[in-house]
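If you're matching them up, the sequences are chains A and B in order. By our numbering, the letter at position 88 of the first sequence is numbered 88, and the numbering carries on one by one without gaps. Here our numbering runs 164 ahead of the position in the second sequence, where the first position is 1.
Rather than coming from a laboratory, the hints here were simulated on the basis of the structure. Note that the coordinates shown come from a computational prediction; the quantities given were computed from them, not determined experimentally. Note that CB positions come from ideal geometry on N, CA and C, so glycine has one too. Among the hints, a few may not be true.
One-sided excerpt, in silico: chain A residues whose CB lies under 7 Å from chain B [what the hints assert, rightly or not]:
#	residue
1	Gly19
2	Leu81
3	Leu85
4	Tyr118
5	Ala119
6	Leu121
7	Ala127
8	Arg131
9	Ala139
10	Leu150
Label-pair distances were calculated between CB atoms; the ranges are [what the hints assert, rightly or not]:
#	chain 1	residue 1	chain 2	residue 2	range
11	A	Arg91	B	Ala211	38 to 46 Å
12	A	Ala43	B	Ser181	36 to 44 Å
13	A	Leu136	B	Gly267	27 to 35 Å
14	A	Ala123	B	Ala280	26 to 34 Å
15	A	Glu140	B	Ala271	50 to 58 Å
16	A	Ala116	B	Ala207	27 to 35 Å
17	A	Ala142	B	Gly209	36 to 44 Å
18	A	Ala107	B	Glu279	55 to 63 Å
19	B	Thr244	A	Lys78	27 to 35 Å
20	A	Pro138	B	Ala306	37 to 45 Å
21	A	Lys78	B	Asp266	38 to 46 Å
22	B	Lys242	A	Ala127	45 to 53 Å
23	B	Arg254	A	Ser101	32 to 40 Å
24	B	Ala283	A	Leu105	49 to 57 Å
Among the chain A residues that face chain B by a calculated CB cut under 7 Å, a handful are [as the list claims (entries may be wrong)]:
#	residue
25	Leu29
26	Gly64
27	Gln67
Number of protein chains: 2
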Amino acid sequence: MSNGLPDPAAAQREDVSYGPLPGYLGHLLRRAQARVFADFADALGEAVSPAEFGLLTLVAANPGITQVRLAAALSLDKSTLSPALARLTRRGLLKRERLASDGRLQALRLAPGAEATYATLRARVEAHEARIAAALSPAEHAELLRLLRLLLGWDLPGPSAPAR
Amino acid sequence: MSNGLPDPAAAQREDVSYGPLPGYLGHLLRRAQARVFADFADALGEAVSPAEFGLLTLVAANPGITQVRLAAALSLDKSTLSPALARLTRRGLLKRERLASDGRLQALRLAPGAEATYATLRARVEAHEARIAAALSPAEHAELLRLLRLLLGWDLPGPSAPAR
DNA sequence: TATTGTTATACTCTATAACTATA
DNA sequence: TATAGTTATAGAGTATAACAATA
């Protein structure tokens, strides 16, 4: 469900007062995220979930990264990543390799041959991103990205704007 | 878990490249929402969840609203609201009244005597909102709210800025 | 003892489908 | 037939705790 940007439920909603909700960041972020994820699902379908795409992207940008570092980078628990990474490995997108130097660690990489698949996914994600940003001017889009990074405490020295 | 704004996992994360993720609205919205919700939980504890507070706020702003209209206003399925509203009713925060004029409908209201409780919750939520917005200047905060509403297709005629 | 990764388990949020009662 | 609301159920995403293997 949920397609483009004009909200389908808008008609039903017209006569409802939102009270102070449109002034709360928490509320707007929840609504915006739901909207964007629904559009992501429309665009990518069964291919990957938003979380899976994030994992692939981080592994692609950090070949050899371990699960604990990946979890820290995403502010998730390591136990959350295990099943997702197993699924991506099973689908032939990721490769996990135990390190000879420390048998506890596993180095994560895109599977050989999965680079092209990943590039295609990334192009589809970027088309989706462009679509949801169409409601904003390029300057507004850039400013929204900047403010969200600021809210997250990135943009300081951190892994934000240039960051590769 | 998760407290104020300086990210605790920042140290672990420092040497990780985020690749294109900081340029994706979807990724930033997910991260920002997780951060804000964690702070909400720290601030409100057992009192109410973000979703529950949203329900109370909408009912307070639209006394007598029915569940189907409430669900439409939040872009949620009516079946999602049933258990949440039952819980809020059980806790003495909401009152549900079948309409004499149409026996299928239930009018929702804050329970008599729950207005003060709601006012307290709202004050705590607004303190939480002020805290998370502290990373932004007042102008940036206002602009972030505006851009999120724009992304959502609000701010057109709709129930956004003044809206009560 | 400490760390990495996995597993078992549970909780929350959401949806779909089937139901009831009312219209 | 259509609508409002409930219930059963399932799936995704997250966490905590306990574990095995390794250090």
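- Query: What hints, given by number in increasing order, does this structure fail?
  - Reply: Numbers 2, 3, 4, 5, 6, 7, 8, 9, 12, 13, 14, 15, 16, 20, 21, 22, 23, 26 and 27, in rising order.
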